[in-house]
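Visitor: Could you put the whole structure together from the sequences, leaning on the hints where they help?
Chains as they are written, first to last, in the numbering used here: chain A, 1 to 471; chain B, 1001 to 1471; chain C, 2001 to 2471.
Treat each hint with caution, since some may be false.
Stated by the list, open to error - These stretches of chain C come out as covered by chain A in the derived footprint (C-beta under 8 Å, 3 or more residues): (1) 2068-2079; (2) 2382-2391.
What the hints assert, rightly or not - Across the chosen pairs, the derived CB separations fall in these ranges: (3) Arg1313/B with Asn236/A: 54 to 64 Å; (4) Ser2264/C with Glu267/A: 47 to 57 Å; (5) Asp94/A with His1458/B: 53 to 63 Å; (6) His458/A with Lys1353/B: 52 to 62 Å.
It should be emphasised that the hints constitute simulated quantities derived from the structure, not laboratory data. Just so it is clear, CB atoms sit at the ideal spot from N, CA and C, and this is done for glycine as well.
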Amino acid sequence: MTKPLILNHARLFPSERVSRGICERLYDSVKSLPIISPHGHTDPRWFAENEAFANPTELLLTPDHYVLRMLYSQGVSLQSLGVAPRDGSEYQRDPRKVWKTFAEYYYLFRGTPSRLWLDYVFKHVFGIDVKLDKNTADHYYDTIDSALKTDAFKPRALFDQFNIELISTTESPLDDLRHHRNIAQSDWSGRVISAFRPDPVVDPEFEGFRENITALSSLTNEHCQHFNSYLAALVNRRAYFKSTGVTSTDHGHPTAATANLSASEAETLYQKVLNGQFTVNEAELFRAQMLTEMAKMSIDDGLVMQLHPGSFRNHNSSLFTGFGRDKGADIPLQTEYVNALKPLLDKFGNDPKLTLIVFTLDESAYSRELAPLAGHYPALKLGPSWWFHDSPEGMRRFREQITETAGFYNTVGFNDDTRAFLSIPARHDVARRMDCHFLSTLVAEHRLDEDEAFELAHDLSYRLAKQAYKL
Amino acid sequence: MTKPLILNHARLFPSERVSRGICERLYDSVKSLPIISPHGHTDPRWFAENEAFANPTELLLTPDHYVLRMLYSQGVSLQSLGVAPRDGSEYQRDPRKVWKTFAEYYYLFRGTPSRLWLDYVFKHVFGIDVKLDKNTADHYYDTIDSALKTDAFKPRALFDQFNIELISTTESPLDDLRHHRNIAQSDWSGRVISAFRPDPVVDPEFEGFRENITALSSLTNEHCQHFNSYLAALVNRRAYFKSTGVTSTDHGHPTAATANLSASEAETLYQKVLNGQFTVNEAELFRAQMLTEMAKMSIDDGLVMQLHPGSFRNHNSSLFTGFGRDKGADIPLQTEYVNALKPLLDKFGNDPKLTLIVFTLDESAYSRELAPLAGHYPALKLGPSWWFHDSPEGMRRFREQITETAGFYNTVGFNDDTRAFLSIPARHDVARRMDCHFLSTLVAEHRLDEDEAFELAHDLSYRLAKQAYKL
Amino acid sequence: MTKPLILNHARLFPSERVSRGICERLYDSVKSLPIISPHGHTDPRWFAENEAFANPTELLLTPDHYVLRMLYSQGVSLQSLGVAPRDGSEYQRDPRKVWKTFAEYYYLFRGTPSRLWLDYVFKHVFGIDVKLDKNTADHYYDTIDSALKTDAFKPRALFDQFNIELISTTESPLDDLRHHRNIAQSDWSGRVISAFRPDPVVDPEFEGFRENITALSSLTNEHCQHFNSYLAALVNRRAYFKSTGVTSTDHGHPTAATANLSASEAETLYQKVLNGQFTVNEAELFRAQMLTEMAKMSIDDGLVMQLHPGSFRNHNSSLFTGFGRDKGADIPLQTEYVNALKPLLDKFGNDPKLTLIVFTLDESAYSRELAPLAGHYPALKLGPSWWFHDSPEGMRRFREQITETAGFYNTVGFNDDTRAFLSIPARHDVARRMDCHFLSTLVAEHRLDEDEAFELAHDLSYRLAKQAYKL
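Guide: See the structure below:
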């Protein structure tokens, strides 16, 4: 017996009558606004080449680390989910069988944002009206697979249908941005830009760091034998990125540490990392110094700076050995901001030409450190609730713990931060609903006037992202 | 003038009409399920000997550290509460006078879970229908005292009346489990098992550690002069515990640190602790190593492992000196899990034969560390909100901060973790009500379908505890 | 087009019908109680000299670091807000122009407590009935400015109109309390007392510490060359403060560290700080030791002790250099209490003659450390949610995370802790509303009986502050 798949129009709204009424009015005013996606990890090749997606499993499951991690945590092997082991050993290659495994365990996602996003995709993108379980797995597979073979489900058509005004991908400074250039030169009007993510060339512990510096040198005609030449090479690549329409950089560091070394200290440290002769602390110091250097470059070239600290990457050693990165074994760490950011803020925190958008995986920092910092420094803004906290309760905690000290206008709207392209409308919809939920509670408790709530709903859904990211 | 004692049928339910309706339906479906109590501290002697409890004060007050701590914090001396000083000096020996002091200060418990539990006991177990205050203190004392003298209030009768399907106590490896054996051999059908709590023989800082090792040696015919013999002794006692029906171990460490030493490092360390020649750091490292050793044994013998870290025991030095342990002076500490658990998880975290149930007293770790870890590692599950957080708001925070990342199925149902036997039904009732409260909010906000909420209510109230603890 | 300024009578109340009804009844019972303001930073000169306030800007904006920080964070310069740079350079001296800038950016305060407080002042104190924006800026300025020139808006008249029963200011031990003495000797009945804030003479890193010791010596006829003489000087000043009606001390340390040195260790350390030859750690240790010394003095003289730790003062170096202290660049730090307070608590934590009221800027300590500590130690009480958390959501988190472990009676009512005199009624009103909100939710969910909630509402609004501060 199948069960109907119903997306109630009032989902995520307060159940209390007064605030629900306000919430519905607010949401109605923003639900159709175009999507601004200023930070994410979709593949620009999709939009450049506009090939059909392969099948439901490759599109919706295998690349989604939220889905993989939950299934894995309950004893479902990655092999059975179609993930190829590095050693070439067996794994499930039949995407339909993988899909059936997923369907069988779909109940695990109850109460999670993955369930909200996926149900939205099933219903609104593919028009399915029964719930996913093992009985409906084939029906789902067939329906989605057929759709994907049609033109309406090719990347550009979906981009247009999703009402995306702009999407940003994320690339290494070594990337030639060929896909972005191809998109720009095509007759398609979709706006797909990159973001400058220098981790491969500023983190001495990044795999292949020294080779990356060599490649950076080749690309820029800078010898990179001294720190100044290396900085010049980075300025060069930033300029190249910017010339393609890029407006932001992104920094994925283990901590929020920044530093402010003298020129000679920086040179000495650079020589160590360049020669691969450095300690763990020196690697950390180099990354810290590079954040401050990047802030300086941002003041010069206007690129908005994003800092995503606090993830212990690839925590599961044997999984990393067996399957590689991004299989759901990244775990948040306690993250300190007040002392960590001070060197950078001492130097550039009062400069209105800098926009530094800070994220966190440590929610205890919201009210204690981040809201007070962003509620003071002109250069600092707060990114939305991130990654594990990109969920109804996570968004609620973000607004409840940030707003009273930092206000709404030191935040920057929503980021979907995803490689799961089809989930983008669902994610923005959750964010808009939860922002309207929060605003409606303020209005219902007479902490905010309704006319101001309407203005805020529009700001949070659309305007602040465009403004903060200079789009 | 007495005041009526009323337990509203909808207590702890949402006050909003829609969610309250859903909550009532959910609760109705689980309120009569048998109680599974897979972790706690009741005295097996009660059930083995089935003697009447002595009086209201000794049963309900003196052993309850939640009650003692609150009264003490407001200047009520432990002596006046019937707690005997170690130095033999005076204290209140008349249980009725102690009860009257308690009654006089009962208003201090407003808004606390102790009040919820005690009122439930007064009303549902003893049938009292006026509120406790100094005017009703004698009435309370007489009513309870009379009841306790009847067969219906003997331990086994209460166990049966409480609809307890199984209860677990906690014993040292040095315990002979005679009470458990007597219960098993009796004609009473109540199921009372132990849990293997090795702190006295794995924590070098435990009082009498070296004597405990000697006792362990005697019990097992292992000389325990080398690490391997010591490990064999532990395996031996685990096997003995398991042979009586035990399914779990329990570990009460100051931190969550685990280690993965080589055999020779472990041997060297063991010699130090055995000789009492160790530093604070070496004691910590030994405990850390022993968690990993215990995980290995669990994989072999199937015992489920519980880790309860993060309590600063006996924080109040003079109280400890004057009255001994467990007088309410244990205070939670900040607790780190991501780095601490890594050595153990690196070795055994992917092994489906291991179940490691982790608890915390540091709620900031819920969304930051514990949900991401449990939402990834197959071996890891999360215990319910613990000790200070075993309360309506604590349970709400647990679900709100855990569910979106770890889901419901990486949690293990409720633990009452109590030595207050009479409060067990009240505690499970609070847990069921709060789980239904959380689920009803999800349903009312259309984040979960009602049919799934019914299934989850049953899982959280009953099934997950049985499954996780292999009962 | 102006917009009406409406303060709904039910603001901050729950929107759900049942709890709102309870909340209204509770609030009605406490809304007119006199204000007890046991800790704050108003200027005693106002009440001693009773001069009219200068103008709207100097009264309401320039001294309010909450307002300055938010405006500054959005790129509004301190100069344009009328703050004089230390170097004598230009700034906006026209208070009306500053007011217009403020009005233009008033939308930034949406969702913040500043907005709640200011709207209350505009409506209830000045009778303005349109919202503040750039169109109404002149109307606001004129209305407030005219009012301030009348007798009804002089400090003493406002004090009486605000129904303040007592207010405490905060002074250095070096202060002669002349204003307090003048007030006491005047024919005005308003009760204005000080609090003893010894930071300038107990913190070796305080600006002018050594000069302060010299001044302390002169005031007390103690040579202060040895620790005992220094302690005697402090006892002397405490006695002087107490003779003017003072009942409390206040300690603003970077951490909650306490120490318990031997007499000779303390003497050695004192010599170092007296000679300015000390390390950062020695400065910390001296402050830590002085908390324990102050606790001892409190046991002797009965002054209630307040500890306000965990603020990184003047985080923004260039702002501090350019404009000085208290410009909104203080940022909370993670704060540990369990180990930090142990030396003091070991010595005096069980002494009912000591009242130590602890505050925090690190909300993660509420349920983990502070509620368990205050719910055990007789000497310890918890101050209300402080500074950045002195807001509706902050107050809600405080009650939700504190009450279940510490109860209501280990808290001490509300502190406004403000130098913004006109906002005092607004702040107490927010606190009373939020306490009634919390209580009404407990009643609506049948976790508390309504008659007890009425008693608690009175306790939290009035009685506990008087009792805890011995007023």
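Visitor: Against this structure, judge whether each hint is valid.
Guide: Evaluation of the provided hints:
no., hint, verdict
1, 2068-2079, "holds (count 6)"
2, 2382-2391, "holds (count 3)"
3, Arg1313/B with Asn236/A: 54 to 64 Å, "holds (60 Å)"
4, Ser2264/C with Glu267/A: 47 to 57 Å, "holds (49 Å)"
5, Asp94/A with His1458/B: 53 to 63 Å, "violated (35 Å)"
6, His458/A with Lys1353/B: 52 to 62 Å, "holds (54 Å)"
Checked against the numbered hints given earlier, the structure breaks only hint 5 and satisfies all the rest.
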